[in-house]
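Undergrad: Per the numbering used here, residue 429 is the first one in the sequence shown, and the count goes up by one each step.
Do not rely on the hints blindly, as some may be mistaken.
Claimed, not checked - The calculated SDA-like cross-link candidates involving lysine to any residue, where the alpha carbons are at most 25 Å apart (straight line), are:
#1 K607 to E695
#2 K607 to L590
#3 K607 to D484
#4 K607 to Q630
#5 K607 to G544
#6 K607 to L597
#7 K607 to A668
#8 K607 to A629
#9 K607 to L498
#10 K607 to V619
#11 K607 to L592
#12 K607 to F541
#13 K607 to V485
#14 K607 to S486
#15 K607 to R519
#16 K607 to R452
#17 K607 to P694
#18 K607 to M595
#19 K607 to N469
#20 K607 to V463
#21 K607 to L466
#22 K607 to T464
#23 K607 to L483
No lab work stands behind these hints, which were simulated from the structure alone.
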Amino acid sequence: MILLDLLALVSPVFACAAIGWVWRRMNRPFDAETVTGLTVNIGTPCIVFDVLTRLDVSLGDFGLMAAASLVAIFGFAVVGVVWLLIAGFSRAAFLPALMFPNCGNIGLPVCLFAFGEAGLASAVSFFAVMIVLQFTVGVAIAAGRASFRLLLTSPVAYALVLALIVMSLDITVPEPIAKTTQLLSGLTIPVMLIALGVSIAQLRISSLGESLAVAVTRMVMGFGIGTATAWAFSLPPVMAGVLIIQSSLPVAVFTYLFALRYGRSPETLAGAVVLSTLFSFVSLPLVLYLVMPGT
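Take the sequences, apply the hints, and build the full model.
TA: Written as structure tokens, this is what we have:
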């Protein structure tokens with residue numbers, strides 16, 4: 429019975445991704461640039477703003493989750509550097525894959541289904557921190573140089589700043605704006621998952637051994653560091669569960685896109701994305717079993 433309940437939590441996520449995978453394998457048209465642009469530039473900023481303002485997330489709760497998220501990601505970086513040195517792998521190519529889990533496409537819906545809107549609020553806090561670091565530190569590692577242009581042109585960063593202003597000043601968001609952002613945020617998660625499935629269907633795997641090593645390390649390391657961080661911060665159960673789930677997720681697709689752009693072993697990263705996503709079919713129910721109260 430518990431297994432069926434856990435599968436019910438993750439099956440919508442994989443079902444939506446499977447739709448995208450099948451769609452692409454059937455060679456149906458899919459304008460990835462347009463869909464990605466809509467989700468990154470409109471849907472994702474709306475979900476960040478809507479969740480943080482509509483659910484009355486306190487600055488204290490946001491700050492606690494953000495601080496724990498920063499520590500966890502820093503832990504990913506430290507352990508990742510050490511592991512890459514031991515394994516003899518390129519840090520520029522593989523460190524972003526170890527640092528940044530797929531906490532948007534997969535993490536947001538899983539946390540929503542597992543813990544309701546309170547879980548989604550904590551998941552968005554983690555996601556907001558991660559996306560800021562991914563578009564600054566992550567790009568700098570892959571490119572070999574720092575650039576804040578991507579962050580300054582990212583609507584997510586501005587949505588986060590606006591949400592924090594509203595939260596700190598206790599401003600009531602005008603109803604037309606609140607309803608619009610809530611409507612647009614509703615399309616984000618399903619579209620992100622379908623786009624994830626399409627992306628996975630297009631990836632081509634090579635260097636299977638390296639891909640497998642990166643995929644397994646990302647998820648095992650993520651679970652260990654996420655659990656340790658949740659314990660160190662004495663997080664409440666929902667926050668702790670969200671942090672552990674978000675930390676344990678597969679390699680983010682964006683790390684593959686950055687690797688492709690800067691010529692950092694994109695084929696191997698493609699394999700890591702695919703393999704870690706496949707592994708999550710098994711690992712996510714196990715993680716949910718461990719973190720959800722009453723299971």
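Undergrad: Evaluate each hint against the coordinates.
TA: Okay, the hints, checked on the actual structure:
1. K607 to E695: Outside the cut-off at roughly 42 Å; violated.
2. K607 to L590: holds, 16 Å
3. K607 to D484: holds, 15 Å
4. K607 to Q630: violated, 36 Å
5. K607 to G544: Holds, at roughly 20 Å.
6. K607 to L597: Given that 25 Å is the threshold and the Cα spacing comes to 20 Å, the pair holds.
7. K607 to A668: The hint is violated at about 30 Å.
8. K607 to A629: Answer violated: K607 to A629 is near 35 Å, above 25 Å.
9. K607 to L498: violated, 31 Å
10. K607 to V619: Cα-Cα ~19 Å, so holds.
11. K607 to L592: Answer holds: K607 to L592 is near 19 Å, not above 25 Å.
12. K607 to F541: holds, 22 Å
13. K607 to V485: holds, 18 Å
14. K607 to S486: holds, 21 Å
15. K607 to R519: Given that 25 Å is the threshold and the Cα spacing comes to 44 Å, the pair is violated.
16. K607 to R452: violated, 33 Å
17. K607 to P694: violated, 40 Å
18. K607 to M595: Status holds; Cα separation ~17 Å.
19. K607 to N469: With Cα atoms ~18 Å apart, K607 and N469 stay inside 25 Å; holds.
20. K607 to V463: Holds, at roughly 22 Å.
21. K607 to L466: holds, 18 Å
22. K607 to T464: Given pair K607, T464 holds - Cα atoms ~23 Å apart, limit 25 Å.
23. K607 to L483: holds, 13 Å
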